[in-house]
Structure formats: C-alpha cells, structure tokens
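Here is what each chain is made of, one letter per residue.
Number of protein chains: 2
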Amino acid sequence: MKDMDEMYIPTYDDVLAAHDRIKPYIHRTPVLTSSYLNALTGAELFFKCENFQKAGAFKVRGASNAVFGLSDEMAAKGVATHSSGNHALSLSYAAGRRGIPCHVVMPRTAPAAKKDAVRGYGGIITECDPSTSSREAVFARVQAETGAEFVHPYNDPRVIAGQATCSKELLEQVEGLDCVIAPIGGGGMVSGTCLTLSNTAPHVQIYAAEPEQADDAYRSLKAGHIIADDAPVTVADGLKVPLKDLTWHFVSHHVTDILTASEQEIIDAMKLTWQRMKIVIEASCAVPLATILKNPEIFAGKRVGVIITGGNVDMDTLSWITK
Amino acid sequence: MKDMDEMYIPTYDDVLAAHDRIKPYIHRTPVLTSSYLNALTGAELFFKCENFQKAGAFKVRGASNAVFGLSDEMAAKGVATHSSGNHALSLSYAAGRRGIPCHVVMPRTAPAAKKDAVRGYGGIITECDPSTSSREAVFARVQAETGAEFVHPYNDPRVIAGQATCSKELLEQVEGLDCVIAPIGGGGMVSGTCLTLSNTAPHVQIYAAEPEQADDAYRSLKAGHIIADDAPVTVADGLKVPLKDLTWHFVSHHVTDILTASEQEIIDAMKLTWQRMKIVIEASCAVPLATILKNPEIFAGKRVGVIITGGNVDMDTLSWITK
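Protein chains in written order, with our numbering: chain A, 1 to 323; chain B, 1001 to 1323.
No wet-lab data here; the hints were simulated from the structure.
Predicted model, so just to flag it, every value in this text is computed and none were measured.
Beta carbons: idealized from backbone N, C-alpha and C, even for Gly.
Among these hints, one or two may not hold up.
[Claimed, not checked] Covered stretches of chain B, as calculated for chain A (at least 3 residues, CB under 8 Å): (1) 1051–1058; (2) 1308–1319.
[To be verified] Covered stretches of chain A (in silico footprint by chain B; criterion: 3 or more residues with CB under 8 Å from a CB of chain B, positions within the stretch not fixed): (3) 50–56; (4) 265–276; (5) 310–321.
Next comes chain A alone, as it looks inside the complex:
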C-alpha cells in the first residue's frame, strides 16, 4: 500500500497518543503468573493476558487507534480490511464503537463461525473467491464503492502504534523485566513491542517466537531480508502471514532472536497453559511458552514478559483432541 520511500515509521509519541485515544475502548488486561510454570521453566514468567482483551485479542488496540484517529470526514466512509481472523473482529468492534461501517472481504469458503463472529461485531462481509486475485479485485471494488479507509492488519503505523500500548502497559505492571517474548506472524505485535521497549527500556531483550512450519520471520532475520512463504501450514493459524516493510524495519533493528517450536511443542504448551493457568489461549500464543520450555538456558533466572495475544479458539476442534 505504501512505497518504501514514503514509509512512515511510528514514534513513541504516536504510542502515547494511541494509548490516550484508545483507552475508553480497550481493557487494561491483567498480568497473570503461575508458580507451576515458574518452577517448570526456572524463569519468572509474567503473562500479559490479551486473551481477555475486547474482541478477544490484542488486535483491538491497533484497530481502535486507526479507527479513532480518522477525521470525521474520513470516518464517515467507514473502514475496510481483508482478514478472516482477529483483525477483522477487532476492526468491526472499533468501527461499531465509533458508529461507522466496517467492510470485511472474506473468502466464501471461510468457516461460517468466522463469518458469524465478524457479523456479531457488526462487520459487513463481502465474499470473494478463495484466491489472492479475487480477494484483491473484490477489495478494490469495495473500496471504490465506499471510499472506506483500508486498515492493514499489521503493516500500518497506526496499527503498530496501537499494538505498542500492550508492552507499555506491561512495563507499568511489572518491574525489572529482563526480556519480553511475543509470537510473530506479520510482526505487528513484535513491532509494537520493539517500538515501546527501544524507547523506554532499551536494556530489555526482545524475543519473537514462531512455528517451525511457518518460520519465514526466523529465516528473514538470519538472511537479512524479508522471506515470504506461500501458505505455510501450522496449528498457530494467526502466524502464517509474512513480514512487510514496516514490521521488517522494527524486527531487523530490535529483535534479539527468533526462536521456533514444532507443532507438537506448540500444542503441548497450549494444553499445559489451559490446564495449569485455567485460561483459554490460541495456539499462536502458546508458541512463546513452547520456545521457553525448549530453551531454558536463555530464560532461566530471568524475569520474562510473555504476551498472550488472544483467546479466540474454535472450541469444537481443539488440536490435542482432534489432531
């Protein structure tokens, strides 16, 4: 959507403005701890629970910042996106709070439950065929007809500034963190984390956690340029999308390392979290714990912030039962 030349890199002032802007529409989510998981990992883990966030995921932070940052004139035309995941829910929720339309382009083959969830938050769905060309064509038509503002799920400075409010809260809630770890897909949450920590706590190390089977960010970091995979398959379905120019900027400058975990390790960590912490988390947000369990030498003895990104799970197909 933007050329590299005109890429606007959000600043910490944008984060402060975002937090003021979105506070009425988001939860300040709690930080939970587990003496069992601390004993198991040898680390002190502080789970920032965005699964309790409005619309069930951190994405409502970025979406709300984009929606409530629009001028009245722009807002009147609504917002639009193409996502079948948490960003679509979050943008629909935020648009609903502002009383403006939210157009979501989704493949007609998307699960009925996902369509119902978007509609439940007031989103207006336009269906496309399950191909990139159809999605782009339908999306272009929706935008042309409505004039709605496109809000990308992660490669957007307004969205990244919004996601950055999560680690801003975490730093206010927990003192003396040694590192923070978050799952990485497109890199929106990790970029927000980089934005906040590099400005306010540059000594805190930033780790990203990624499925082995969708390890494009890992390979990008090692290669020094963006590598995008075509349709990787992983149970962590929020983490399939590739880095883009803006998120690559933050990841390449500020991330200490990217750690990966296998599908079974992710499923085990997800089940363990449900069993021991009594919270419902998506497979995507089990990836950090899976990598902590796998790399104790990195985390033992440290105070580790762990971003639990969301809790929107299909309860009928839990991976440890149906897989």
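Place chain B on chain A using the hints.
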C-alpha cells in the same frame, strides 16, 4: 462423623479467624465480568474466579483452614481424607505447605490422571476397592495406623468457615450485590456463603444451582429434610455428593431457592464461558450460569455474584466434543 447433638455450627468469628489463618496460602482471586454475558442475561454478573485459586479450586480455603488450625501435636500425625476430587488436591497442597503428611484413600479404579494430580501435590495415596465398604475399611485402617486427623470434604465446621472466606472477599470486591449464586453438591461452598452473607449482608439473596440429574439438594429443600441419592450421573461431577447435617443446617435456613439445569444446558453454559470469558471452568461451575440463562426473570436487572468454583478439567474429554 459427628452426632447431631454435638454438631458445632461455625460462626462469623470463625470465618474471620479462618481468613487470617489461610491468607498466606491462598490467592485473593479476581472478579471478572463479561459485557457479552451481561447483555445476554440482562443482569450484571460478577464472576468470583476460584478456578484461579491454588490447586485450582475454592476447596483449598477450607482445607487450609483445617490444616493450619491443628495444634502442632495433632498436625504431626498428618491429615487424611477419602476423595478423588478437588478436596484431595487441596488437602494435599495445604498439608504440603505445613510440611505434614496427607493420606488420601482412593479407589484403585480412579483415573491415573487424578492419582498423579494428588501425588503431584504431595498426597500419599492408599488404594481401596471401588466400594463404600472397602473405602471405609481402608480409611479406618489408615487412620488407626497414622492417627491422622480426618478432614471431611464439606461436613466440617473448619471447612465451611474456610469456604466462607470466598464470599467475604467477593463482598469486599463488589458493592451492592443483590444476590449470590453458587453450585451445590455436598453444600460446603453454599454453606460458607450462607455463613458470611447471613452475618454481614443478610439482604443479599442466596441461590444454589444444581444439575437436574443430581437434584437431591433441590428435593431436600422442597421436602424439608435431607434426601440423598445413590450415585447420580451428571457431567458436573463435583456435585454428585449429598447434603449432610451441617450443610443442611445452612442450606435449610438461608438459601432462597435451588435452581436446576439439564446436562445440555450445563454443557452449553460451560462452552459459552470458555468461549466468551476465555477461562477454563469445570462443568460444575457452569451450572449457575446455566440456571441464570434459564431463569432471566429472577436475575434481570440485578447485580449477581457468581461463584466459579474450580478449573480442574480433564482436557482430553471435553463434554461438548466427546459426549
């Protein structure tokens, strides 16, 4: 274990003493709300989340009060119980914190996962045959050999005074409650709720929620005397046990009404809570929400405290998938 004649009925002073005694060993659990469930029920629901409690259930309150109220001489011989559920875990946990043995008599046919969980908290298991006569014989032998103090899961004034600290906290956390609702099995949590509310907030109504298929407390309340069922079958497996003299005293004097829900209504409410609140709760603690959804005329417009009693769930046999 006690004659009616010598039944000691705990007082609110016992509750205050219990809270002071157990505070170092329990969590002050959070109260969560859900705008979705409020809209759905027309009520304002305040969920007291004992699923986040130590050992995963409110039972650690009563168990800790019993364990830490023992003289050093009595404590040295340990404690004992016959339970394969949350009371066994909780008593094992509390005994471990005091550094004394906890003997648990369990049928040899109990699931390995339950035995592992008890051992995980340090409990010493003695197996019996899966019959009441074997359990009683084995338990008598364990008590004779060890001199351990028997702590009944609910029909014990120390246990009830401990459970009463849950609604004491709830009243400190939420102002202006109109009623409180809790699941009822043996009646330990409901008795504790009665003990606290009748002394400190007698205008707050107390409802108990019970599975239709294990509705012995409901029928007891209507009949005016204890009715005990033999081995009822329900997905809410914490609620199969009957009232006893001490819990009947509180239930019969202070409970406004007992409401029941079908198996399907319980399963639906459990799944809804996991989906919408992102918390793992046992089927037993979905019974209150199921009855609220079924009886909107009782709860609409009211501020309702809902006790979420525990979160110890077998993740491999979730009722909406495997039933």
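Verification of the supplied hints:
1. 1051–1058: Answer holds; 3 residues pass the 8 Å Cβ test.
2. 1308–1319: Satisfied; 5 residues make the cut.
3. 50–56: holds (count 3)
4. 265–276: That given contact holds, which follows from 3 residues of the segment 265–276 of chain A lying within Cβ reach (below 8 Å) of chain B.
5. 310–321: holds (count 7)
In summary, this structure violates none of the numbered hints.
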